[in-house]
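Asker: What follows is each chain in one-letter form.
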Amino acid sequence: MRSKRGYNYSTIQLYGLVILRVLIGWYFLYEGLAKVLTPKWTAYGYLMDSQGLFAPLFRMIAENPGLLAAADFINIWGLTLVGLLLILGLFEKAGYMGAAIFLILYYLSHPPLLQAEYLLPTEGSYLWVDKNLVMLAAVVVLALFPSAKRIGIDRIIYKNKSK
Amino acid sequence: MSEKDINPNEKASNQEHAHQKPVSQGRRDAIKALATVPVLGAMAYGVYSKRKQELRNITSADMFHFNSEVSPLTPLSPDGKTIRLGIIGSGIRGKQLMIALGFATPQYVEELKQANKQNSSDNRYRDFREQEDLKVVITAVCDIFDVHAEEAIAAGANIHREGLNGTYGTAPRRYRHYRELLAADDVDAVVIAAPDHWHGQMALDAALAGKHVYLEKPMTWTVPETYTLRDGVKKSGIIFQLGHQNRQVEAYSRAREIVNKGLLGPVTLIETGTNRNDPNGAWVYPIHPDANPQTIDWQQFEGDPERVKEYMDYMTSAGLARYVGPDPRNKFSLERFFRWRCWWDYSTGLSGDLLTHEYDAMNQIMQLGIPTSASSSGGVYFFRDGRTVPDVLQTSFEFADRGMTLLYSATLASQFKRSRKIMGHDATMEVGNTLTVTIDPRSEQYRDKIDNGTIKPGEPFYHYVPGKSIDAVTSATELYFAERGLLYSYVDGKRYNTTYLHLREWLECIRSGQQPSCNIDRGFEEAITAHMGTRAYLEGRTMYWDAEKEEITRG
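Listed in order, the protein sequences are those of chains A and B. Per our numbering, the very first residue in the first sequence carries number 1; after that it's consecutive. Per our numbering, the very first residue in the second sequence carries number 1001; after that it's consecutive.
Looking at chain B on its own, in the form it has when it is part of the complex:
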């Protein structure tokens, strides 16, 4: 560009020369008009190079290509009959289960409403209102604490999911003893969320009464009742679902495909764990101010005499008397009633409460079955509040036939985030709501691709975000949102709670007669595995599983 171009006299001089040199002027105009067009070429080249690089990743991700989309929610059967439910145990977990079923106290709904008024992004009220009707009615409730029972009645009657001053339906009947509830004709199925020491017995009694069962985990408290319950459920033909709602985590289905395709190579170590760091997470639950010997049926809380005998027999025969009590079983105690998880007298500790979730997730992905042996260590290291169950626990399960160890590692006094890892010779997969696969630098399966540069070992290579069909090019941004549940909820239109999905699956199986995902066989594996870990901890030695005799042995 010449000085003349920006001369204030340009206008005049341009007009002057316009008719004299039209060609040259036109060319100059064109050059100036199109001067920046080459920039687009540079952009095109940049985009092309970047795409080529990405496509190379996609090509190398072909081995992680899956034809099947993980199945979206199948619609409820249109002419499914209404199922009449009894709720046994409506404390913390029982209330959550009722909410997942679509029943909450007016008080609770009112709180959700107010929460939304204060913070418009709090959509729990809308989500609860819009949650699909599962075609169930709650006809019966049983809780041995009056306040919990009354709350369950109010929730069961709140059929329109209304807040305070709404119109409610017929209130479910309250039964003082769960066996009376099981005898009721207007109950087809029961949801059991009592403390651990009641799980097996209540489920067994329900099966014998011909009621379908949704049972909170862990399946059993003593080892002997595990066998009795399995037999009872199988003979009765009822539909049994154990409450491992993680069965509904979409990513686990894809994780199973990845393992089955051998994409990780031989897996030798699985690492899972629990990290929590607050009193509530360590089972120091609040004590209700209205709780007292008049409002609590302590006698029923103590447990089934036969089951208690099994527990005491084991504890005394194995020399574990120091873990019993310390309070006598018949002594009323608010701490023991509300914080029962802290004592072996009612609890299965970290093994039953949290290890079972981790084990079941891995059992779902890897079809583990029962381990060949288990050893544990740990102790009461932080919450020295008189509890007998440990707050730090390490259990390693050996699957000798498969050449593999499952390590469970937990502390209730640090919530540092650790991912679940399935470690293979060729790749390691981190499993959560999303999946991340990292190829091992020493992989043999991927040797060629590592050598020719299509795979960068040691870096996350494959991501699975539920609902996304193109897996390999998931951007960092999307992963960020997906891991926090944002994309996830978008894909499904709304965010589904896994407990809701797990209950829904059970109800649909009752209607169709099919087996749910966490049936009695999976429950048996879960319970025996947890018991092996618990016994290894209590006795301080390795426990073995005799698969032929189906017995836990001391080797």
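Excised from the complex, chain A in its bound form:
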């Protein structure tokens, strides 16, 4: 099934994968840009609002000025970068890896537990499974079915490499 440029999909399969990749990329990119454009944006409130097993870790990050500055930087520029990578199909694997790490961290910091109550209202009703987890699964599936070597800048990069 493998070809030089990844898996062999039917046209519609390939379109589906690319659309999903671009949509998730869009989501990441705008989350990043919105933070870039918000003066003095900080993850402090979000981190302090953490609950569940790992809450102490996230709160510790929030309360340490150095770690908080790092968390802010990584969120603002990391989200933007991941968004760009996924939309452009550039270094696809790294993009999925980054996206998955963000989503895992968001899920762990705000797990939709039975007893958890967050300051920020959610836009849906969640029990153990929330949109972060669903998106994480989607990212994992995308990573298993790569598409950027067909539609994406990786097509050029890996073509040149293979020469």
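Keep in mind the hints are simulated off the structure, nothing from the lab. Check the hints yourself; a few may be wrong.
Claimed, not checked - If you anchor each label on the Cβ, the simulated ranges turn out as follows:
#1 A/Leu119 - B/Thr1372: 41 to 49 Å
#2 B/Thr1372 - A/Glu123: 47 to 55 Å
#3 B/Pro1460 - A/Tyr118: 20 to 28 Å
What the hints assert, rightly or not - Below 27 Å or equal to it, Euclidean Cα-Cα: the simulated DSS-like pairs (lysine-lysine) are:
#4 B/Lys1052 - A/Lys35
#5 B/Lys1135 - B/Lys1261
#6 B/Lys1417 - B/Lys1456
#7 A/Lys159 - B/Lys1032
#8 B/Lys1052 - A/Lys40
#9 A/Lys131 - A/Lys35
#10 A/Lys93 - B/Lys1032
#11 B/Lys1081 - A/Lys40
#12 B/Lys1235 - B/Lys1549
#13 A/Lys35 - B/Lys1050
#14 A/Lys40 - B/Lys1456
#15 B/Lys1052 - B/Lys1309
#16 B/Lys1309 - B/Lys1549
#17 B/Lys1309 - B/Lys1234
#18 B/Lys1261 - B/Lys1456
#19 A/Lys35 - B/Lys1456
#20 B/Lys1449 - B/Lys1050
#21 B/Lys1235 - B/Lys1081
#22 B/Lys1417 - A/Lys131
#23 B/Lys1081 - B/Lys1113
#24 A/Lys93 - A/Lys131
#25 B/Lys1235 - B/Lys1309
For clarity, every value in this text was computed on a predicted model and none was experimentally measured. Every residue gets a Cβ at the ideal spot worked out from N, C-alpha and C, and that includes glycine.
Keeping the supplied structure of chain A fixed, place chain B upon it in accordance with the hints.
Answerer: Okay, now just chain B, sitting in the frame of chain A:
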């Protein structure tokens, strides 16, 4: 994309044709490689449109632009001398004040420690340990209940803010009577947190003894002592601060600027209130098991004879005998000792306890001064436990010269959240730890901006979150966190308790000789206003203020 692209034989066919049609193949590669780039264009367009919309809001928020950042905490004067404090009254509020000063019993510190061990997000222990040293020592304490006095001694000695089994400093001396404490040479200033009926007298005696005073609100219990205390404090030259810690709420300074700039237009109505719904909030405080006639100095609790006479004179002359007692004043009663706020014999009711905070907040923002008249209504509607002070109270204060009413509305049996609102012809401002301004659809000042769509009337238009310099684009998320104190504490590095700030201001004024924010003049306005409301309730008729004679009259 053609069928060939996804043909398993693509590899072979591509290699085959590669040398034959390099241009066409390269172009196809480029198109496929860059197929998703237009998505970025769409994103850029979306972001641009959204920004344009936001910038329009910022432009329209220019009128809400303030050059001054609300002043951050000024550092303590570096060579300020240590101030020796006496604590008069170390019950519920007295303990809180001592904690704000940095002194807590080892037992209390131990509890904070344990609370942190059980829940790592409970940072009260760390916050207390790290709270800035205000350069004070507690040399004297006075409380007429032995348990409270001993706790104050233990707290005063706990100079290193330690838990159980720590090392402590010199214990403050306990005085049985506050006048003995005021005579002590090693006391520069006193913090008074006794029941209301003692406030004016104790503060006056302290001023006469040359001690600086931090006095819990309300300033006075009777009307006549209000004048005596004002004169006494002014003549003595001491630094006097009334305990309205809301003076330190950062947002109020900005609120004052907004009002002064006329951004709300003519203000005709201010609505404030109190909503509580638990016995503790209704002053049904716990009775200590060790309390009895041996551990409580009841005679001193009864009050200063002259002040009691003023109280009785008024109550009898105004035909209000039914509000006195019902127990005789000299009869020992644990209920009356611990829950004194429930009886006029010691209390100033909702007016003194909670209306004063609301009034002072608005006085700070609006420079209200004393109202021209006051009328009240209410009753004992829920806590029918033998109390004489009402648990539901409505008082409306008229400021006739300014064409404005201040409405205070309170119940102790519902804690539904109501915001403080300053209602103007052009906009209404809700005042809390954050500020929200909503433009009125019928505003004349903002007519043009409403018509051309830059202002959507009826929707929150301006938000102020302390510490944020860009006001208008504060996101909903940030507001959410700020209102719960999260961003607030981040901005300052740590969360400051307003009581601490208020005490700190007083101490710094003692060192510099300046006047604090809630000085005797503000206190006089607070006390007279509260008394007008109380008398209006008790007598069931409107009370007026004769500004020339400085007298409360019945009109």
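Asker: Could you work out which earlier hints the structure fails to respect and list their numbers in ascending sequence?
Answerer: Checked against the structure, the hints that fail are numbers 5, 11, 15, 22, 23, while the rest are satisfied.
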